[in-house]
Amino acid sequence: MTPSEKTTTMAHASRVPWLTLRRKEALEAWLFVSPTLIGFVIFFLGPLIAVGLYSLTEWNLLSQESTFVGVANFRDALTVNPDFWHVVRNSALFALGLVPMNMALALMLAIALSRPFFGVVFFRTIFFAPVITSAVAWAIVWKFLLQGEAGAVNQLLASIGIDGPNWLREPNWAMFAVIVTRVIKMVGLNMILYIAALQAIPRDYEQAAQLEGASRWQVFHMVIWPLLAPTTLIIMVITTIGSFKVFDHIYLMTGGGPENGTLVLAYYIYQQGFEFFNIGYASALAIIMFVIVLALTIVQLILRQKGSG
Amino acid sequence: MTSLALSNLAKSFGPVKVIRDIDLSIDDGEFVVFVGPSGCGKSTLLRMIAGLEDITSGDLMIGERRMNEVSASKRGVAMVFQSYALYPHLTVRQNMGFGLKVRKMPVDEINQRVDEASATLKLDVLMDRFPRELSGGQRQRVAIGRAIVGNPDVFLFDEPLSNLDAELRVHMRAEIAALHGRLGNTMIYVTHDQIEAMTLADRIVVLRDGRIEQVGTPRELYARPANVFVAQFIGSPKMNICPAASIAREMSGDNLELNKAVQVGIRPEHLRVAAKDAGNLNGRVTVSEYTGAGSLLHIEVDGVGSFLVAEEGQVGAQQGDVIGLAFSNDDVHLFDKDGVAIHR
Chain A
8 MTPSEKTTTM AHASRVPWLT LRRKEALEAW LFVSPTLIGF VIFFLGPLIA
58 VGLYSLTEWN LLSQESTFVG VANFRDALTV NPDFWHVVRN SALFALGLVP
108 MNMALALMLA IALSRPFFGV VFFRTIFFAP VITSAVAWAI VWKFLLQGEA
158 GAVNQLLASI GIDGPNWLRE PNWAMFAVIV TRVIKMVGLN MILYIAALQA
208 IPRDYEQAAQ LEGASRWQVF HMVIWPLLAP TTLIIMVITT IGSFKVFDHI
258 YLMTGGGPEN GTLVLAYYIY QQGFEFFNIG YASALAIIMF VIVLALTIVQ
308 LILRQKGSG
Chain B
275 MTSLALSNLA KSFGPVKVIR DIDLSIDDGE FVVFVGPSGC GKSTLLRMIA
325 GLEDITSGDL MIGERRMNEV SASKRGVAMV FQSYALYPHL TVRQNMGFGL
375 KVRKMPVDEI NQRVDEASAT LKLDVLMDRF PRELSGGQRQ RVAIGRAIVG
425 NPDVFLFDEP LSNLDAELRV HMRAEIAALH GRLGNTMIYV THDQIEAMTL
475 ADRIVVLRDG RIEQVGTPRE LYARPANVFV AQFIGSPKMN ICPAASIARE
525 MSGDNLELNK AVQVGIRPEH LRVAAKDAGN LNGRVTVSEY TGAGSLLHIE
575 VDGVGSFLVA EEGQVGAQQG DVIGLAFSND DVHLFDKDGV AIHR
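Chains as they are written, first to last, in my numbering: chain A, 8 to 316; chain B, 275 to 618.
It should be emphasised that the hints constitute simulated quantities derived from the structure, not laboratory data.
None of these values were measured; they are calculated from a predicted model.
One thing to keep in mind: the hints can contain errors.
[Claimed, not checked] Below are the DMTMM-like pairs computed for lysine to aspartate or glutamate, each with C-alpha atoms no more than 25 Å apart in a straight line:
#  : chain 1 : residue 1 : chain 2 : residue 2
1  : A       : K313      : B       : D576
2  : B       : K396      : B       : E407
3  : B       : K378      : A       : D211
4  : B       : K378      : A       : E213
5  : B       : K348      : A       : E213
6  : B       : K534      : B       : D476
7  : A       : K252      : A       : E266
8  : B       : K378      : B       : E390
9  : B       : K550      : B       : D610
10 : B       : K611      : B       : D576
11 : B       : K348      : A       : D211
12 : B       : K291      : A       : D211
13 : A       : K313      : B       : D605
14 : B       : K375      : A       : D211
15 : B       : K375      : A       : E213
Okay, chain B solo, but in the shape it has when bound (with noise of 0.2 Å):
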């Protein structure tokens, strides 16, 4: 197991800088993940601490080794690619022995540690077939596998769930997670899917335009989001962001604290439907969306701009219905007028 270590890490095409001064510490045996928007840089700082990326500034550790002028195959990682770049010439049994025999390992080393990993995956039927004759999922575990027989220090994880249906990706996310309590090697994982880092991360990396916005645990970033940005990306449907003065002007009820806030945020599972004016602020319901276990409304409130609320139970408002919403104000994140939270 080890840990790493990136200062101020900077990587340009050009004159077009993609990661700016990145500084992250990663424990041993920690689950990292990378997540952000498309083109916030997040695959390139995995391929640039692989090795697949030339690192144009700053200075990467794994371990106690510098690692920046490094070649790849000796950082002691292992990476899982979104494609999962199975070799279709080759049978599972070779493409997870393929790392293994170009370093010239004995046939009976390989073979055991091909089949010790095919055990843990539960692969041994599917030894002699080739990827095209594999299922998305069972090929994401061979290309795990693969990663796996190369007893590397560090996982590295490309989005490697975004190919499959959202039943096996529920599947294969506990899969990785059982994996990692197993092994308990340093995993880094890449995705764009906010849910996926919730459920896995031991702590989250949010990253905007190259440069990281928030680090911290899956339920920091929920419960105390450092701006606006990291609010509205963490959480499911995202945080309703609405000006401060107004919804200050319009609320009943017990008076808001905005401290110099500009804008304020209330999750839509934090916003409750109350009669007409029983809770805080009247808005009309422009569109119910029927979820199953309850219904996402969108509520247009006058003077203040529309809100998504997440309403459990299978009796829901309609559209056209004015309702009331209540909500607690400790419930209610506060910030400034560059989207920096203010905590209280």
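Excised from the complex, chain A in its bound form (with noise of 0.2 Å):
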């Protein structure tokens, strides 16, 4: 037998029926999919759907008891609780001082580092390290800086004749401190993303600007910020739902203190769930949490659909 022969014998031989070119494609398509899928189905659905049926238990993490309470547990978290309520206005206000404060900062580091001059991959590289350093390391750092009168923060303060508060002690300073140091650790991020929306706005724009006489202010006012609309909402909604869920500095630097001052929602879901064992309760709130980041999201889909519109 040739070997063009062996060939053509082997391709008859391997041919299928009901393996059409649509079959086969449909099947390359869903092995191409399946590691993305197989990741999801175990690592979020199957959690998430876990979370919901724990939501409607009584479940003590230490007697391993379960109980069928319905919706008892979201009925008590939104009626009964009074911390819920707390937590979930600290959320709110570690939102409301997180995200206008990291947008603007943001802002202001993309316009001065989006145009080439020397150095700028320095301080972009500056900037941005925070973002992609450990968030252990970063928190045990500041809480060193913020320390009462041994804080370098405060000594530093004193030398120019301030007397600086007990940052992470004081409730009505805590949760400042907190969210301005989670501020200086992620607005290299939405630097980044400003920069890449600056550097795509066409030069000539803001040439043709200038030949027509506006001032820097103008072409950045008339200009500039309108362009930039599209990813200023991206940016504000993706900090917004990030500020919502941040648990890991709030842990680290406070602890939900003092007096409950930074107890925020997803730190209380881990209380709930691991200091206190209630996994039924704790799910409950994460649900609503779900619930809260979910609609933020929609809230993104419509403004970016009229936006586009």
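Make one complex out of these two single chains by using the hints.
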């Protein structure tokens, strides 16, 4: 048998009647998406369904007793438990403080660092580095820096005659301190998004405005800022969602204190589940947080559609 | 209306000189076209005039005033960009009125001037549309309209037709020519398309490597090119260039007066196809390209080189044919060893 005859025979043998071209392509497509799909089912959909089921139970992790209670956990959280609304208020406060500060700083840095100049890559790296720094290391360092009298921040303030507060121990200042340190850690990410958006705006727009007599402020206000609107919207929503989900930062810096002044929703869920072992109640709180984040995501989609329309 | 004078104008990006000692005067109301191959510095020169690029050395005068250090918005110029640079979030009306708005002009006056410009350019029905809702030609007209409302002394056009299809380009070219006729302003137009340059310009400035190769009317540049570069850049298809000695050796008929020429040039449209041995040269057709109105023939002449011939008519020579090439000695351009024209 010649090599060509052999190949032809093998081709005939491997032909399967039901494996049409369309089915073959579909099979290939499923094979390509299957790793992601399996990961999604195991690590997202499965836990989500499990949490949904746990939320309908009263399940104490220590006694291992589980009782179906329907929506009692939700009713308790939303109508009975005063801590819940305090925690939601704290989360909202954290978001309201963090989001505008983060976005304003990110935009200012992006404007400064979007054009090439000597050392621009160095400065971009400096501002982005905290994003990839370990949250634990970041929080521990800042905890030391923000100590009462011994902290470097207060010593610096003292050198210019300002008597700094005990940042992480005073309820009024603790929230401010965690917001600012979180902003410094995460601002690099939004800065990069803004830099990308600014670099995508053709320079012709700016130059045309400049030729027509627009000042720098007018160029920014009347041309650049409106063109950044889609990016601003995305940044606003992902930063808001991220701020509602913040856990590690609070856990490591204040542990929710002082006097529950920095106790936010994600940390409260952790407390309920792994300090008080109320897995059912913690699951119900997690579902409520999921709904809040989902609602914010839907708002994002609607606003984006309106914006692009 | 305003004249311009460029004296020893130069521009460097670090050690790289992109514009070298440009001397040029542009009269009131003149339509001047900067033309040249990509990278020759024509857009940079325009942007220097606009104030979008710093001038490294030399003087730029607009009217009686030295403009080197004057900001772009105070030079009395308006520019139409290659990309049109229409603000995508503003309507046509807002785009056209943008410059007047930033100068805090009263709304009534803005509307009046925008309406006048829109009537001139037949944009009335498009005023509430956004740029994304316009065709290429409409965007082009809006960009021109935006330039008009500012009532500038000088219009600058940076390859404004290069994003349009061939048909629309011809149409817009005529509109720009008509606009110049109506407004009478000084206009400077950059293009790499020599047809655009020939059809629009009062005078053409041919640039290469940041230097002016020749300045003249379209007819002057076509009939009396200053050098081989201009001779080949102006005219389509480009001029045939061949060694003077070899063509003199091979050609029959009247002797060619070489005047120390090293190269000679003959435009494709000045060569006529004749029967074998009936012209000045004999050659073989290597490629025949039918163009509709005629054919473009690639002809190999032994001992001389290859020639392009623009042959009119529907019955042209075919590939492989041996033909004669006839030309008048008056149509032959002579160039010295440096490529500089020798005028007889």
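*Holds or violated: K396 (chain B) with E407 (chain B), Cα cutoff 25 Å?*
Roughly 16 Å between the alpha carbons, so the hint for K396 (chain B) and E407 (chain B) holds.
*Are K534 (chain B) and D476 (chain B) close enough, with their CA atoms no more than 25 Å apart?*
Violated, at roughly 33 Å.
_Satisfaction of hint between E213 (chain A) and K378 (chain B), Cα-Cα up to 25 Å_ = Since the Cα atoms of K378 (chain B) and E213 (chain A) sit roughly 19 Å apart, the hinted pair holds (cutoff 25 Å).
*asked:* Check the hint pairing K348 (chain B) with E213 (chain A) against an upper bound of 25 Å on the C-alpha distance.
replied: Measuring from Cα to Cα gives roughly 16 Å; hence the hint holds.
_What's the verdict on K291 (chain B) and D211 (chain A), does the C-alpha distance respect the 25 Å limit or exceed it?_
holds, 23 Å
*Within a Cα-Cα threshold of 25 Å, do K378 (chain B) and D211 (chain A) meet the stated pairing?*
Answer holds: K378 (chain B) to D211 (chain A) is near 22 Å, not above 25 Å.
_Restraint status (C-alpha distance of K375 (chain B) to D211 (chain A) at most 25 Å)_ = holds, 19 Å
*Given hint E213 (chain A) paired with K375 (chain B) - CA-CA distance at most 25 Å*: The hint holds at about 16 Å.
*Verify the proposed pairing of K611 (chain B) with D576 (chain B), using a straight-line Cα cut of 25 Å.*
With Cα atoms ~22 Å apart, K611 (chain B) and D576 (chain B) stay inside 25 Å; holds.
*asked:* Can you confirm whether the C-alpha distance between K550 (chain B) and D610 (chain B) stays at or below 25 Å?
replied: Cα-Cα ~31 Å, so violated.
*Given the proposed pairing of K378 (chain B) with E390 (chain B), does the C-alpha separation stay at or below 25 Å?*
holds, 19 Å
*Sort out whether D576 (chain B) lies within 25 Å of K313 (chain A), counting only the CA atoms.*
violated, 70 Å
Comparing the model with each numbered hint stated earlier shows that hints 1, 6, 9 and 13 do not hold.
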